[in-house]
Amino acid sequence: MATLNDLKISEVKLSEGEGGKWGMVIDQDICTGCQACVAACAMENNISFVGEEDSGYGRSMHWIRIERFWEGEYPEVKMTPNQPMLCQQCGSAPCEPVCPAFATVHSQAEKLNLQVYNRCVGTRYCANNCPYQVRSFNWRDYKRPEPLANQLNPDVTVRRRGVMEKCTFCIQRIHKAQDQAKAEGREVMDGEFTTACAQACPANAITFGRTDDPRSLVSQLAKRRGHGAKHLEELGTLPNVTYFKGG
Amino acid sequence: MTDHKNHAEHAEAHLREKHLMLDPLPRGRMNEMVMESMRHITWKFWVVFGILAAISAYGLFYSWGVMIAEGLGVAGVNRPVYWGIFLVNTVFWIGISHAGTFISAILRVFKAEFRRPFTRAAELMTTFGLVQAGFSIFMHMGRVWLSYWLMPYPNQRLLWPNLHSPLSWDLLAITTYILGSTMYLFLPLIPDMAMARDRSTGWRKTLYKILALGFRGTEGEWTHLRNAMNIFAFAIIPVMFSVHTIVSWDFAAATRPGWSSTIFGPYFVIGALHSGMGAVITVLAIIRGTMKHMKYFIRPEHFDAIGKLMLIISMTWAYFFFNDYMVQWYGGDKWTKQLLHFHEAGPMGWMWFAMLVCNVVIPWAILWNPKWRSTPWLVSTVGIIINVGMWFERYIIVPISLTINRMPFTWRMYQPGIEIPLGIGTLAFFALLYMAASKLIPLIPVWEVQEGQMAHELKKFGRETVVTVSELE
Amino acid sequence: MAESKIVDILAVFPDLEPAADAIEHLRSLGVHDECMNVISGIPVTEAMLGRPSQWTNVPRIAMGGAILGFGAGVFLAFISPYVYPYPVQVSSQAFVPGPPTFVVLFELTMLGMLLSTFLGVFLDSLFPNYRPMKYVPEVSDGKIAILVECSHVEENKITDALKKLGAESVKPAEAQHL
Chain A
1 MATLNDLKIS EVKLSEGEGG KWGMVIDQDI CTGCQACVAA CAMENNISFV GEEDSGYGRS
61 MHWIRIERFW EGEYPEVKMT PNQPMLCQQC GSAPCEPVCP AFATVHSQAE KLNLQVYNRC
121 VGTRYCANNC PYQVRSFNWR DYKRPEPLAN QLNPDVTVRR RGVMEKCTFC IQRIHKAQDQ
181 AKAEGREVMD GEFTTACAQA CPANAITFGR TDDPRSLVSQ LAKRRGHGAK HLEELGTLPN
241 VTYFKGG
Chain B
1001 MTDHKNHAEH AEAHLREKHL MLDPLPRGRM NEMVMESMRH ITWKFWVVFG ILAAISAYGL
1061 FYSWGVMIAE GLGVAGVNRP VYWGIFLVNT VFWIGISHAG TFISAILRVF KAEFRRPFTR
1121 AAELMTTFGL VQAGFSIFMH MGRVWLSYWL MPYPNQRLLW PNLHSPLSWD LLAITTYILG
1181 STMYLFLPLI PDMAMARDRS TGWRKTLYKI LALGFRGTEG EWTHLRNAMN IFAFAIIPVM
1241 FSVHTIVSWD FAAATRPGWS STIFGPYFVI GALHSGMGAV ITVLAIIRGT MKHMKYFIRP
1301 EHFDAIGKLM LIISMTWAYF FFNDYMVQWY GGDKWTKQLL HFHEAGPMGW MWFAMLVCNV
1361 VIPWAILWNP KWRSTPWLVS TVGIIINVGM WFERYIIVPI SLTINRMPFT WRMYQPGIEI
1421 PLGIGTLAFF ALLYMAASKL IPLIPVWEVQ EGQMAHELKK FGRETVVTVS ELE
Chain C
2001 MAESKIVDIL AVFPDLEPAA DAIEHLRSLG VHDECMNVIS GIPVTEAMLG RPSQWTNVPR
2061 IAMGGAILGF GAGVFLAFIS PYVYPYPVQV SSQAFVPGPP TFVVLFELTM LGMLLSTFLG
2121 VFLDSLFPNY RPMKYVPEVS DGKIAILVEC SHVEENKITD ALKKLGAESV KPAEAQHL
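Chains as they are written, first to last, in this note's numbering: chain A, 1 to 247; chain B, 1001 to 1473; chain C, 2001 to 2178.
Any given hint could turn out to be false.
To be verified - No farther apart than 20 Å at their CA atoms in a straight line, the calculated lysine to any residue pairs in the SDA-like style are these:
{"hint": "1", "chain 1": "B", "residue 1": "Lys1111", "chain 2": "B", "residue 2": "Val1469"}
{"hint": "2", "chain 1": "B", "residue 1": "Lys1205", "chain 2": "C", "residue 2": "Pro2137"}
{"hint": "3", "chain 1": "B", "residue 1": "Lys1205", "chain 2": "C", "residue 2": "Lys2134"}
{"hint": "4", "chain 1": "B", "residue 1": "Lys1205", "chain 2": "C", "residue 2": "Gln2176"}
{"hint": "5", "chain 1": "A", "residue 1": "Lys230", "chain 2": "C", "residue 2": "Ser2092"}
{"hint": "6", "chain 1": "B", "residue 1": "Lys1292", "chain 2": "B", "residue 2": "Glu1036"}
{"hint": "7", "chain 1": "B", "residue 1": "Lys1205", "chain 2": "C", "residue 2": "Glu2138"}
{"hint": "8", "chain 1": "B", "residue 1": "Lys1334", "chain 2": "B", "residue 2": "Trp1411"}
{"hint": "9", "chain 1": "B", "residue 1": "Lys1205", "chain 2": "C", "residue 2": "Asp2141"}
{"hint": "10", "chain 1": "B", "residue 1": "Lys1205", "chain 2": "C", "residue 2": "Pro2128"}
{"hint": "11", "chain 1": "C", "residue 1": "Lys2163", "chain 2": "C", "residue 2": "Leu2016"}
{"hint": "12", "chain 1": "B", "residue 1": "Lys1209", "chain 2": "C", "residue 2": "Pro2128"}
{"hint": "13", "chain 1": "C", "residue 1": "Lys2163", "chain 2": "C", "residue 2": "Glu2149"}
{"hint": "14", "chain 1": "B", "residue 1": "Lys1337", "chain 2": "A", "residue 2": "Leu235"}
{"hint": "15", "chain 1": "A", "residue 1": "Lys21", "chain 2": "A", "residue 2": "His175"}
{"hint": "16", "chain 1": "A", "residue 1": "Lys21", "chain 2": "C", "residue 2": "Gln2089"}
{"hint": "17", "chain 1": "B", "residue 1": "Lys1205", "chain 2": "C", "residue 2": "Met2133"}
{"hint": "18", "chain 1": "B", "residue 1": "Lys1018", "chain 2": "B", "residue 2": "Trp1377"}
{"hint": "19", "chain 1": "B", "residue 1": "Lys1205", "chain 2": "C", "residue 2": "Tyr2130"}
{"hint": "20", "chain 1": "B", "residue 1": "Lys1018", "chain 2": "B", "residue 2": "His1007"}
{"hint": "21", "chain 1": "B", "residue 1": "Lys1334", "chain 2": "A", "residue 2": "Phe69"}
{"hint": "22", "chain 1": "A", "residue 1": "Lys21", "chain 2": "C", "residue 2": "Gln2093"}
{"hint": "23", "chain 1": "B", "residue 1": "Lys1044", "chain 2": "B", "residue 2": "Lys1292"}
{"hint": "24", "chain 1": "B", "residue 1": "Lys1308", "chain 2": "B", "residue 2": "Asn1369"}
{"hint": "25", "chain 1": "C", "residue 1": "Lys2134", "chain 2": "C", "residue 2": "His2152"}
{"hint": "26", "chain 1": "C", "residue 1": "Lys2005", "chain 2": "C", "residue 2": "Val2153"}
{"hint": "27", "chain 1": "C", "residue 1": "Lys2164", "chain 2": "C", "residue 2": "Met2036"}
{"hint": "28", "chain 1": "B", "residue 1": "Lys1209", "chain 2": "C", "residue 2": "Lys2134"}
{"hint": "29", "chain 1": "B", "residue 1": "Lys1209", "chain 2": "C", "residue 2": "Pro2137"}
{"hint": "30", "chain 1": "B", "residue 1": "Lys1209", "chain 2": "C", "residue 2": "Asn2129"}
{"hint": "31", "chain 1": "A", "residue 1": "Lys176", "chain 2": "A", "residue 2": "Pro154"}
Just so you know, the hints here were simulated from the structure itself, not pulled from any lab data.
Could you put the whole structure together from the sequences, leaning on the hints where they help?
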């Protein structure tokens, strides 16, 4: 008679086992909410300045944002730790399959969630299907007043109106480091480079690196702190960002 | 004895007066009436036509141009409400389009005889409604000038659309449906075009001559046409179901509270029929009230029959709505709970209750009564109310449900901007196309009416006179 | 050579019954079914007129279109994911996703079938056709016209017979612009 063991559950390939490559650890306990990461990200990635009015209407275009919450009713309010929120570079991203144009796809090489600006036609389905709500849409062609146009990062595409964008884990920096390492005939070293947000964080609350390498700083941190949490893990999105809180 | 005879005669006269199919006129006379209804254009027609043309020009074409030039910032969409009234209108218009197919295909397949005089009026709504749905979905796109990228076509870069996406299925389904329903509108029109060709002059003659394709009515032509219409009637029904099911999957396939519901497919299909039937009855009342000779073809019996269908559909809609609500409520997911609470008690709670009143309470209160549902103005008012209710339903599903997500930090209300003139523009453009068509193509399929009148007769069973139909096909 | 001259006669009948009688009578006069054609403003069936069944290719063309459409669906659903320069991965779904392929196959099969059914009517009926044709406009007023093809010699005999059988008008058919 067939038993449950015959189903060989262990042989069912769980996508969870696949794991990521690049990852991030964010320590909410030491985040001061200073927004330096938000500013650095905007500079690095040529993010448009939306302006007060649109920003106030929910059209801010930050790839990383600091979420602040409080508990209780005024005046008895208690702040909870700040929560930097950015694209979680899901291993099984809900945003990817819903794009009719293949404008957001999974990178096999870097195990990242890519956004192909040139291919985007602006259906905004990906943004609806993102449980973390971390995608930004170019609602208009926002002007860059002089001299701001002079500080554009030449390594990053400038997006036009009608296009979706989101955090890339500073893929331009990843590629630069990889090219450099290749030219010198070696592997990319841990800590050789980092993302703009991690670089700018004065409290060192953000750490970026290879999560598939147990010796890297991110892996070490994750191990030492022990109780890292992933956001909305129950949805099976396999996020690559780990949060520490209350340790 | 004579008293009894008188009574029987009276009953017979009453039946003949009531049913178009028992009140035949010579075919030549019916042709004349239909031709006259097209040719008869009053100054009032031109005034309304002009107003609608102006609204379409400003609301649809100018506003859309502004939005293409400025970007979607001129609309009210934001984070987290990435989809706004554009999607509401897309679903709404696709819903309207379902009535035409329902009437001309399902009722044809089941040989529901009351369909005969208004199959075309309903089919026209399908085609023109789908045009508005197409406008609405293209408006919604950030870079509409690149929308051809969604079509599968061979290209140098070997890029194909992503068929994992419900939006790609939508594109295939809506393309199939708009082509299918337009062809299905055209096929039964060919004999009527030949009829119009035979009795018109000048530019009309040229137009009908081209559109009649040289149809004479030979045995072969009729056989090919009948076969084709039969295939269409059966084949377009599953296409119709697939279209609105796929539209519902745009929502149901997403990982969002309130959207991820397995019952959305049939719930959307029945919702589409609900708004579609409401729209058909409204259009029929307008045609009957404004066009010449239409009181002969469209009678209270037709309003009664559609009214019954509306009542059944309203009950089915209520069943699906409750089913969807019940299971979501029972699931107890904290985000879904939050969303349901927001629907009912949030700032837009009035819309949630108005939806139930418009879709269930009012239709049930009026349509149960045969006399009331045979009254054109009353039942068409119910039709309009149902459409308001169904628009609210889509508004609740799209922008209101998008307000609540799993990231409370991003919760934000949606305030429509240029969507309003654009939405009114599609409504005006729909009416404009319909008005133009009502003067250019015979709205009544005369040959189908004549065929029906041949098939119907009165028969006596004992003392009672009843209507009988013979199957001619 | 006079015998072999073929003439067309167009007889208009007010109703179904006399038209059906006329067809029967014509047959007894030796007119072949292939030499007759009925023109009507409503779809009177062959059975009503006692005429042989008409051949139509529409269902076959529809089937052919459905097969072509299915083929296009197979290409889109199963082949197009592999013609990319490199396979494109979305989420954890396979390159060829399971259930969505059914949606694609269904829609394209139906599209192929509907388009070819429509096309079938055009092919079978030789539409559009704007050449002069033998026709009487009374047909769209509900009259039934019989178009008889016969030899020059029999013309008078057949004309008389048709008149006797209740034809409203019998005249030599002339091709005219519709």
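Here is what the structure says about each hint:
1. Lys1111/B - Val1469/B: 10 Å, holds
2. Lys1205/B - Pro2137/C: Measuring from Cα to Cα gives roughly 13 Å; hence the hint holds.
3. Lys1205/B - Lys2134/C: Holds. Lys1205/B to Lys2134/C sits at ~18 Å (cutoff 20 Å).
4. Lys1205/B - Gln2176/C: Distance of about 15 Å is within 20 Å: holds.
5. Lys230/A - Ser2092/C: 18 Å, holds
6. Lys1292/B - Glu1036/B: 7 Å, holds
7. Lys1205/B - Glu2138/C: 16 Å, holds
8. Lys1334/B - Trp1411/B: 15 Å, holds
9. Lys1205/B - Asp2141/C: At roughly 17 Å apart (the allowed maximum being 20 Å), Asp2141/C and Lys1205/B satisfy the hint.
10. Lys1205/B - Pro2128/C: 16 Å, holds
11. Lys2163/C - Leu2016/C: 15 Å, holds
12. Lys1209/B - Pro2128/C: 10 Å, holds
13. Lys2163/C - Glu2149/C: 16 Å, holds
14. Lys1337/B - Leu235/A: At roughly 17 Å apart (the allowed maximum being 20 Å), Leu235/A and Lys1337/B satisfy the hint.
15. Lys21/A - His175/A: This hinted pair holds, its Cα atoms lying about 14 Å apart.
16. Lys21/A - Gln2089/C: 16 Å, holds
17. Lys1205/B - Met2133/C: Holds, because 16 Å separates the two Cα atoms, which is no more than 20 Å.
18. Lys1018/B - Trp1377/B: At roughly 18 Å apart (the allowed maximum being 20 Å), Trp1377/B and Lys1018/B satisfy the hint.
19. Lys1205/B - Tyr2130/C: It holds: about 13 Å lies between the C-alpha atoms, which stays within 20 Å.
20. Lys1018/B - His1007/B: 16 Å, holds
21. Lys1334/B - Phe69/A: Roughly 18 Å separates the two Cα atoms, so the pair holds.
22. Lys21/A - Gln2093/C: 19 Å, holds
23. Lys1044/B - Lys1292/B: 13 Å, holds
24. Lys1308/B - Asn1369/B: 9 Å, holds
25. Lys2134/C - His2152/C: 17 Å, holds
26. Lys2005/C - Val2153/C: The hint holds at about 8 Å.
27. Lys2164/C - Met2036/C: This hinted pair holds, its Cα atoms lying about 18 Å apart.
28. Lys1209/B - Lys2134/C: Holds. Lys1209/B to Lys2134/C sits at ~15 Å (cutoff 20 Å).
29. Lys1209/B - Pro2137/C: 13 Å, holds
30. Lys1209/B - Asn2129/C: Given that 20 Å is the threshold and the Cα spacing comes to 10 Å, the pair holds.
31. Lys176/A - Pro154/A: 13 Å, holds
Comparing the model with each numbered hint stated earlier shows that all of them hold.
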